[in-house]
Amino acid sequence: MSETLFNPVDYAVPAFILLIILEMLWVRNYAPEKYEPRDTLTSLALGTGSTVAGALFGGTMLAIAMWGYDYRITTIPWTWWAWIACFVLDDFFYYVFHRSAHRVRWFWAAHVNHHSSQHYNLSTALRQTWTGFFAFTFLFRLPLVFIGFDPAMILFVGAINLIYQFWIHTEAINKFPRWFEYIMNTPSHHRVHHATNPRYLDRNYAGVFIIWDRMFGTFTEEIEDEKIRYGIVKQLGTFNLLWSVFHEWAGIARDIWSAPWKHKFSYAWRPPGWSHDGSRDTSDMIRQRWLDRQHEQPAE
Amino acid sequence: MTPLVITLLKLGGSILAILFLAWLARLLGLGGDVRIRSEEQARAIADEIISGFDPVGIAIDRAGMGALMRDARGRHLLIRRHGAHFAGRLLDNHSETRLDQNFLTVGTGERTFGRVTLNLGKEAQYWASGLRHLNI
Chain A
1 MSETLFNPVD YAVPAFILLI ILEMLWVRNY APEKYEPRDT LTSLALGTGS TVAGALFGGT
61 MLAIAMWGYD YRITTIPWTW WAWIACFVLD DFFYYVFHRS AHRVRWFWAA HVNHHSSQHY
121 NLSTALRQTW TGFFAFTFLF RLPLVFIGFD PAMILFVGAI NLIYQFWIHT EAINKFPRWF
181 EYIMNTPSHH RVHHATNPRY LDRNYAGVFI IWDRMFGTFT EEIEDEKIRY GIVKQLGTFN
241 LLWSVFHEWA GIARDIWSAP WKHKFSYAWR PPGWSHDGSR DTSDMIRQRW LDRQHEQPAE
Chain B
1 MTPLVITLLK LGGSILAILF LAWLARLLGL GGDVRIRSEE QARAIADEII SGFDPVGIAI
61 DRAGMGALMR DARGRHLLIR RHGAHFAGRL LDNHSETRLD QNFLTVGTGE RTFGRVTLNL
121 GKEAQYWASG LRHLNI
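In order, the protein sequences belong to chains A and B. Residue numbers for the first sequence, in the working numbering: 1 to 300. Residue numbers for the second sequence, in the working numbering: 1 to 136.
Check each hint, because a few of them may be wrong.
[Claimed, not checked] Distance ranges between label pairs, derived from CB positions:
no., chain 1, residue 1, chain 2, residue 2, range
1, A, E224, B, R115, 37 to 45 Å
2, A, A268, B, V56, 32 to 40 Å
3, A, R178, B, T105, 48 to 56 Å
4, A, M184, B, E96, 45 to 53 Å
5, B, G12, A, D225, 43 to 51 Å
6, B, G52, A, R28, 30 to 38 Å
7, A, A55, B, E96, 40 to 48 Å
8, B, V56, A, F176, 29 to 37 Å
9, B, R75, A, M184, 38 to 46 Å
[Stated by the list, open to error] Covered by chain B, per the in silico footprint, the following chain A stretches (three or more residues, Cβ under 8 Å):
no., region
10, 35-46
11, 51-63
12, 287-294
Hints listed in this document are in silico derivations from the structure and should not be mistaken for laboratory results. Ideal Cβ positions, reconstructed from N, Cα and C, are used throughout, including at glycine.
From just these sequences and the hints, can you work out the full model?
Structure, rendered in structure tokens:
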């Protein structure tokens, strides 16, 4: 690498803590059920555990990135426009990763941690995976390395992307001016992403720029008069930290073990909820049935 | 300081911070005391748990901590409080049922979800019978 950069997340952590405290004080009188101490503890422990996982596997991921950098098609210089290009492209590849993380069960097994809280507050933002390395999610950033962006630059903009996504995990902010909501990912757009309401399932995958969802047909606007329910389709029903981390991996193992041979690996690469005998529901099936019910209801 | 020491210090700081925040959430009384107070609310919760679940029979725990519901297809849904929200499971013929006068204890077979004991009053026996004859 040509440069060594600091990790901006280290400097953001005090701000994260302060903002969580402010949000807790805000909900105290307005809606105390927006926070739940055990849920908060689980979310924050997941966040801390993910930094430990990052420390354990970060070296391997960096080594893979450096290997890829040796095969780059060009060398992008350290100029102002390179930073902008890297940030925008990194956000695009984040969109690709995030969409895959919801549509492929193997990736979902690592990402589900972030969605398994029934709450939506700033502590939910820190609910990060411990098992991303095993889901190979770092591979989604490799195209940037092959293009010729320095891995240090990619890591830095990736950290900025992560910091941006912290503040959008809140119900304290309703909506921003239309131009901002059109371009940027906002609390409103991301509430949709965390919702389990059938109309909202698997929508708004964006990290920083919501334009990716608008471009690729995965955008849905938040509707004012529909209460949002957060979490996952089959709520965990426990605050057990280890079960929160590993439950989907355990589910994959159980399904692969018990499925007929020709269906075994479908339980890893098909969408969450897929089953060879149709006994479970994917998000597409839930949404379709919901849409069918809407059409069956007589017009007022 | 070596990188390992710095990492360990960061980890220690993070653990202290999360313990402080969880303590603060408890100190502020966050979480509330959610209960099921009406059939209408129970229906809404059922629809949240299984989209489109339309109960034709509802039994709510006397303290509002959970409920049992049955739809027209004979599916039985168990819901219980989970923190400041509710979680539920569809029951099948492997579900464990134990009746003790007005109290019905239902196990889903999921260790992490646990058993749920509902005070259903005189309805407990009726629901226990229904659960023992599940053919799903």
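The hints, checked one at a time:
Between A/E224 and B/R115 the C-beta distance comes to about 40 Å, which sits within the given range of 37 to 45 Å. Distance hint check for A/A268 and B/V56: the Cβ-Cβ separation is about 38 Å, which falls inside the suggested range of 32 to 40 Å. At roughly 54 Å, the beta carbons of A/R178 and B/T105 sit within the given window of 48 to 56 Å. Checked against the given bound of 45 to 53 Å, the beta carbons of A/M184 and B/E96, roughly 50 Å apart, stay inside it.
Checked against the given bound of 43 to 51 Å, the beta carbons of B/G12 and A/D225, roughly 47 Å apart, stay inside it. A hinted range of 30 to 38 Å for the beta carbons of B/G52 and A/R28 is consistent with their spacing of about 36 Å. Between A/A55 and B/E96, the C-beta spacing of about 43 Å keeps the proposed range 40 to 48 Å intact. In this structure, B/V56 and A/F176 break the distance hint of 29 to 37 Å, their C-beta atoms being roughly 44 Å apart.
At about 43 Å, the beta-carbon gap between B/R75 and A/M184 stays in the expected band of 38 to 46 Å. Check result for the region 35-46 of chain A against chain B: holds, 9 residues qualifying (beta carbon to beta carbon below 8 Å, three or more required). Restraint check on the region 51-63 of chain A versus chain B: 3 residues with Cβ-Cβ distances below 8 Å, three needed, restraint holds. Requiring three or more residues with a Cβ within less than 8 Å of a Cβ of chain B, the coverage given for the region 287-294 of chain A holds, as 3 such residues are present.
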